[in-house]
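Novice: If you want the building blocks of each chain, they are given just below.
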Amino acid sequence: MWRKVAFVAVLGSYLLLAACAAPVPDDGAYRHAALQTSMAMVSALASGQLAAQTGLRGNSFSPFTDGNVTDAENDAGSVNSTFSSRQPPDARSDALRQKMLQALSDGTSALTDLRVAVRMGDRTQVRKALAEVGKSLKTFDALQQELQ
Amino acid sequence: MTRWEEDEFTANDLLLDRELIDCNGMPAGRVDDLELSDPAPGEPPVLTALLCGSTAFGPRLGGRLGTWWQAIGRRLRPVTDSYPNRIDAGLIDHVDRLEITLLAAREHLDSYRFRQWTEEKIIGRIPGSTG
Amino acid sequence: MKAVLSMTLGVMTAIGGFVDIGNLVTSGITGARFGMTLTWAVVVGTLGMALFAEMAGRVTAVTRKPIFHVVRERLGVRVSLVNAAASTLLNLVTLAAEIGGVSLVLQMVTGISYLIWVPLAGLAAWLVIWRMPFQWMENVFGLLGLGMVVFVVALFRLPTDWHAMWHQVISPAVPAGQPAPTWWFYAVTLIGACIVPYQVIFFSSGGREEGWTSKSITEMRVNAFIGFPLGGLLSLAIMAAAVPVLQPRSIGVSHLGQVALPVAAALGKAGLVFVFVSFFAATFAAAAESALSSGYAVAQYMGWSWGKRHPPGAAARFHLVCLASVIAATAFILTTVDPVTVTIFAVVLGAAAVPLTYFPILIVANDARLMGKRVNRRWSNAVGTFFLLIMVVVSVVSVPLLIITKAGQ
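Residue numbers (this note's numbering), protein chains in the order written: chain A, 1 to 148; chain B, 149 to 279; chain C, 280 to 688.
Calculated from the structure, these hints are not laboratory results.
None of the values given here were measured: they were computed from a predicted structure.
Each hint should be verified, as a subset may be incorrect.
Lysine-lysine pairs mimicking DSBU-like chemistry, simulated, CA-CA at most 35 Å apart [to be verified]:
id	chain 1	residue 1	chain 2	residue 2
1	C	Lys-548	A	Lys-128
2	C	Lys-281	A	Lys-138
3	A	Lys-99	A	Lys-128
4	A	Lys-135	C	Lys-548
5	A	Lys-99	A	Lys-135
6	A	Lys-128	A	Lys-138
7	C	Lys-652	C	Lys-281
8	A	Lys-99	A	Lys-138
9	A	Lys-135	C	Lys-281
10	C	Lys-548	A	Lys-138
11	C	Lys-494	C	Lys-281
12	C	Lys-685	A	Lys-99
13	C	Lys-494	C	Lys-652
14	A	Lys-4	C	Lys-685
Construct all of the structure, not just a fragment, from the sequences and the given hints.
Specialist: Here is the structure:
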């Protein structure tokens with residue numbers, strides 16, 4: 001019985017050590033994270049855009065459109081906070097970080113504006129917000145190209 | 149007089165884990181173990197009862213899990229005797245490969261207790277249970 | 280004439296009944312991300328499910344007992360306990376996913392947060408188990424689920440590139456830019472979404488509830504070999520609809536609403552109504568069925584009376600298990616864990632557990648003394664064993680892939 005306990009304890013501590021001694025984050029890993037973040041933002045922005053456009057064309061019910069745009073907004077928000085809390089490993093990554101933070105902030109506020117406009121049912125506002133979303137999409141597309 | 153489908157068989161083949169069906173066609177549990185007794189000194193043992201319930205099931209399961217199962221079963225019984233629920237061999241009507249039919253109704257069997265408790269205390273209290 | 284009608288009804292309910300939240304989510308995700316390159320996984324899963332169900336159905340029809348009964352009798356106490364325990368646990372996770380799915384559908388329709396719907400969905404599912412007659416439940420929800428055929432219609436209204444899709448179907452490969460482990464991971468999820476243990480338990484126990492005998496075997500086979508594959512086709516339609524709409528925009532699916540967007544884009548509000556109704560029917564029926572399957576598994580293993588054909592008081596412990604399952608699953612989803620994530624986990628664990636649930640049935644179906652002349656023929660054993668080997672491979676890689684890809688990233 002005690003032999004089993006000891007075995008589990010040793011195995012457990014080994015696994016714990018292995019996890020803590022994870023490779024030091026480097027420039028490459030940070031760029032990879034930025035790439036993943038850009039792809040996730042493109043997905044959220046495009047999703048919100050498609051949902052709102054479908055709504056404008058009269059092809060969906062307002063709770064449905066609202067739900068999709070809100071989901072997109074929430075997705076963008078969590079992607080934003082996850083990336084923002086990452087520690088950049090060196091000065092070179094810091095420049096990338098500034099660029100990303102700016103783009104993320106623009107993207108999430110574009111989706112928030114879109115959600116507000118959709119809920120208010122104001123078509124003009126929706127179109128304006130869609131233009132913002134479109135701009136943000138272009139920014140992230142460019143970032144993706146750069147990071148690949 | 150019990151009717152047996154086959155002349156020679158093993159406990160595993162026809163008896164153990166078989167479902168018990170009472171005289172009304174309702175399921176009455178499963179055979180978890182067998183009770184064999186010596187009718188007279190020197191005579192081979194005969195099947196005197198089928199055993200059912202968690203106090204019989206626990207030992208069959210074996211190991212630590214089986215011990216726990218048996219202990220829990222013993223605690224939940226209203227009677228102090230830890231011997232498993234017996235279904236007398238005289239109550240067995242027919243035994244074949246699919247099931248064992250009994251001559252009694254399940255309400256009259258000891259193993260009915262848990263079921264009755266569940267029905268009275270929980271299910272019976274929910275509206276709509278009488279179908 | 281009556282037999283034809285009854286058979287048609289059976290097939291139609293099998294189609295609607297085959298698709299549940301697992302299929303909706305995995306088809307949507309894979310269509311948007313990998314196009315039609317994972318069609319083969321749906322084919323494997325569907326064929327496997329049809330084989331599995333036919334064998335279980337045949338055992339039930341011949342022995343006039345549901346499979347858990349026969350499994351315990353043939354394989355002994357310990358092995359069948361592992362089987363029953365694993366199935367029950369899996370049913371619980373699936374039930375949680377389905378209740379989450381019902382709530383997500385209701386959120387999609389009304390805009391009210393899914394968490395509000397969770398307890399209501401749980402209560403409603405339990406009420407259906409408690410009081411609704413079995414046949415009624417199967418037929419109503421099965422037929423309503425057929426509304427998913429709207430995805431097929433949508434395909435003809437969307438700029439679908441049939442040629443390119445066909446090419447992806449017949450020569451599958453990991454699409455450029457996508458990590459291979461993730462592609463294989465989603466293949467596992469698609470297979471797991473098709474071969475769902477609770478559906479086999481339900482197919483078999485349902486057969487007992489309806490009083491199947493050897494004469495019912497043909498009808499049962501039609502349900503399994505025509506109904507389920509047609510259900511698989513519906514899953515493929517959902518996958519395909521995502522391709523012209525979501526994939527070009529690089530939209531990754533993580534919410535149920537995104538799965539429905541292609542229909543909205545193609546067919547507008549009318550199409551959406553079909554989606555709402557059919558999604559609700561599919562997930563709600565699946566919730567009731569998986570709760571019932573929890574009850575079936577435990578009650579049949581223990582030898583208690585079970586089933587909806589008795590008034591609830593006469594199958595007290597069975598209903599207690601169903602009630603407890605619904606409460607546990609509802610409580611789990613109320614912890615605000617993401618229902619889509621729960622669904623992915625449920626299908627992966629399901630895929631991992633298939634050999635455990637399938638192997639006993641293969642053994643029992645080969646028992647000549649039990650099955651008489653309906654015992655497995657050599658070719659059906661060959662196919663069955665081959666399929667079992669595939670599922671063992673799937674089972675072995677499923678959890679490692681889950682860990683490596685961090686659940687599909």
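Novice: Hint by hint, note whether the structure agrees.
Specialist: Status of the hints after comparison with the structure:
no. : hint                    : in the structure
1   : Lys-548(C) / Lys-128(A) : 24 Å, holds
2   : Lys-281(C) / Lys-138(A) : 61 Å, violated
3   : Lys-99(A) / Lys-128(A)  : 24 Å, holds
4   : Lys-135(A) / Lys-548(C) : 29 Å, holds
5   : Lys-99(A) / Lys-135(A)  : 15 Å, holds
6   : Lys-128(A) / Lys-138(A) : 16 Å, holds
7   : Lys-652(C) / Lys-281(C) : 28 Å, holds
8   : Lys-99(A) / Lys-138(A)  : 14 Å, holds
9   : Lys-135(A) / Lys-281(C) : 62 Å, violated
10  : Lys-548(C) / Lys-138(A) : 30 Å, holds
11  : Lys-494(C) / Lys-281(C) : 15 Å, holds
12  : Lys-685(C) / Lys-99(A)  : 27 Å, holds
13  : Lys-494(C) / Lys-652(C) : 13 Å, holds
14  : Lys-4(A) / Lys-685(C)   : 30 Å, holds
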